[in-house]
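Make the full structure from the sequences, and use the hints.
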Amino acid sequence: MTERIPGFSTLAIHAGAQPDPTTGARATPIYQTTSFVFEDVDHAASLFGLQTFGNIYTRIGNPTNAVLEERVAALEGGTAGLAVASGHAAQVIVFHCLMRPGDEFVAAKKLYGGSINQFNHAFKNFGWNVVWADPDDVSSFERAVSPKTKAIFIESIANPGGVICDVEAIAKIARGAGVPLIVDNTLATPYLCKPIDYGADIVVHSLTKFLGGHGNSIGGLVVDAGTFNWSREGRYPMLSEPRPEYHGIVLHETFGNFAFAIACRVLSLRDMGPALSPFNAFLILTGIETLPLRMQRHCDNALSTAEWLAEHPKVAWVSYPGLDGDRYNSLAQKYCPSGAGSVFTFGLKGGYEAGIKLVSNVKLFSHLANIGDTRSLIIHPASTTHRQLSDAQKVQAGAGPDVVRLSIGLEDVEDIIGDLEDALATA
Amino acid sequence: MDHDSYSDTYIRGILNTVKSIAMVGFSPKENRPSYFAFKYLLERGYIMIPINPGQAGKQVLGRTVYAKLSDVPEPVDMVDIFRAPQFAVPIVQEALTLQPYPQVIWMQLGVRNDEAAALAETAGLKVVMNRCPKIEYGRLSSEISWMGVNSRTISSKRAQLSGRGIQRLSLNRTTMSGGATDAAERAIAKEAADRAAGEGDGR
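Same order as they appear, the protein sequences are chains A and B. Going by the numbering used here, the first sequence opens with residue 1, and the numbers climb by one from there. Going by the numbering used here, the second sequence opens with residue 1, and the numbers climb by one from there.
Hints are computed from structural coordinates only; laboratory data are not their basis. In this text, a Cβ means the ideal position worked out from N, Cα and C, and glycines have one as well. Be aware that a few hints might be false.
[What the hints assert, rightly or not] Think about it this way: if two alpha-carbon atoms lie no more than 30 Å apart in a straight line, the pair counts; the simulated DSBU-like pairs of lysine-lysine are:
hint, chain 1, residue 1, chain 2, residue 2
1, B, K58, A, K334
2, A, K334, A, K109
3, B, K190, A, K172
[What the hints assert, rightly or not] Over 10 Å on every C-beta distance to chain A, these chain B residues come out as not near it, computed from the model:
hint, residue
4, N16
5, G25
6, Q93
7, I144
8, M147
9, N150
10, A180
[Claimed, not checked] Non-contacting residues of chain A with respect to chain B, defined by C-beta distances greater than 12 Å in every case (computed):
hint, residue
11, S46
12, A74
13, Q118
14, H214
Here it is, written out as structure tokens:
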């Protein structure tokens, strides 16, 4: 009998979870506890020394969070995961394992505005220096690489402009430079695109968006693809050198192809502290069980809405990679053939003022700074999420003054379009 | 058997059958991977036998260290090779001088020697290469899932407690395949090919 390989929907429900060993509880229990008792001092020593698998303290690991970690790792095709308090925390944790003061990383300049802020400002205080490259000109990544470069960072589908990155081409550049490729896969989710299949070494997520999917919990996650050789050139001492925090353990030789996820847990999460609440992990896990159904509906609704907007007389342009003729349509066909996500932007002929009016007029769309909810969401980035960027950065990030961003939800598409129709009538 | 991959049934069968494991290349230093695996398997109830000529006669974790396999005065069910691939053939040759034969030759993660494997298989032994018994035990019992590691198994059956202390799960768990890690498998194969090419160049 050959072993059957389960499909994506099966993994979305089952990966990481099994009936509780003591109670038989079928849903994943919320292990709402700070700490876990030790059998004896030897057991405690083995746990603290990383010599055995198990739970110590919820800042380092928790059984509910662990189900979430394995679930997302399995969906992405990675060797291990680490859940943290937010998508931003996931990025801090990843870079803390890779960077030393004075090091550089290359990042696509079309990113979530919060990531642009984090890289330009918060990271600079650690001496982690971002060098920006243009995802529309892949060779700019090659030019941006220097001997100080420790990683390349992109989003598979970039927020907010509906930009699709050529992950495979950028992965080749990362491999040539001997650095890992980190892909933020938040907008695509592994249902639409699995970056590891195209050469990503690390995947990060804001679980807050489509994975959780219900707008009720903040969370983040790191997936280790198990593909990068951390010891080859000794440029990643957190993984390749004896760690004084753990009696001289070398994490890569000890944990092999899931060493990066372990390093993120035992060196970064342990000491930086952004742990995820097990209650949030439970809500996000429940969301993931329906991810395939939800993502397809999100994409179908988004395509219909984008097609309708493209015909509207007050709309100057629509940037949705799922539209025929969109500049990213061929990349969308390659990287996310089931759909181009549900977050996209469009421009109003009436500019900044028309944008403000539209977000005020809507009755079904919620005006807020999130994406990936069951509910349809609307925002005017120039006055909100991207407000702190310079005008030039706003335009670069796809958040100019006329731009409105939508995150299309799971309502009936007639109601979604109807709300926009009414609101545009007076915008 | 091509040794590129092993079914969970094959690995679980081995780890459920063997009782004594001689670890060749055991290090008594508590920050070394071999010490980690040794201690973990000892805590899971295996009779662990450390082999290291430089440490012969010493007691480590309550176990006597032997210089070589043929010095071990008790039956060895499995030989776990924690040495570089080029040492695998003489270790298998020595294992085949034992009476009775061990049932299994296991080469650690990163260790593959097809000549040594063929030698053992011809003598009727089972062989596992390029795997770690600690990781495989953790994966098949699902203990490793507590670290967020993709166990590559799923199950609708209750995990079984091992009955030995808390936070310890049994291998006797009913599973089917879970999420695959193809990219990591390809990377391992490429590393091995690069290593082989490197040796060919005399580097």
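Okay, the hints, checked on the actual structure:
no.: 1; hint: B/K58 with A/K334; result: violated (61 Å)
no.: 2; hint: A/K334 with A/K109; result: holds (22 Å)
no.: 3; hint: B/K190 with A/K172; result: holds (15 Å)
no.: 4; hint: N16; result: holds (18 Å)
no.: 5; hint: G25; result: holds (13 Å)
no.: 6; hint: Q93; result: holds (27 Å)
no.: 7; hint: I144; result: violated (5 Å)
no.: 8; hint: M147; result: violated (5 Å)
no.: 9; hint: N150; result: violated (4 Å)
no.: 10; hint: A180; result: violated (6 Å)
no.: 11; hint: S46; result: violated (7 Å)
no.: 12; hint: A74; result: violated (3 Å)
no.: 13; hint: Q118; result: holds (23 Å)
no.: 14; hint: H214; result: holds (23 Å)
In this structure, the earlier hints numbered 1, 7, 8, 9, 10, 11, 12 are contradicted, and the remaining ones agree with it.
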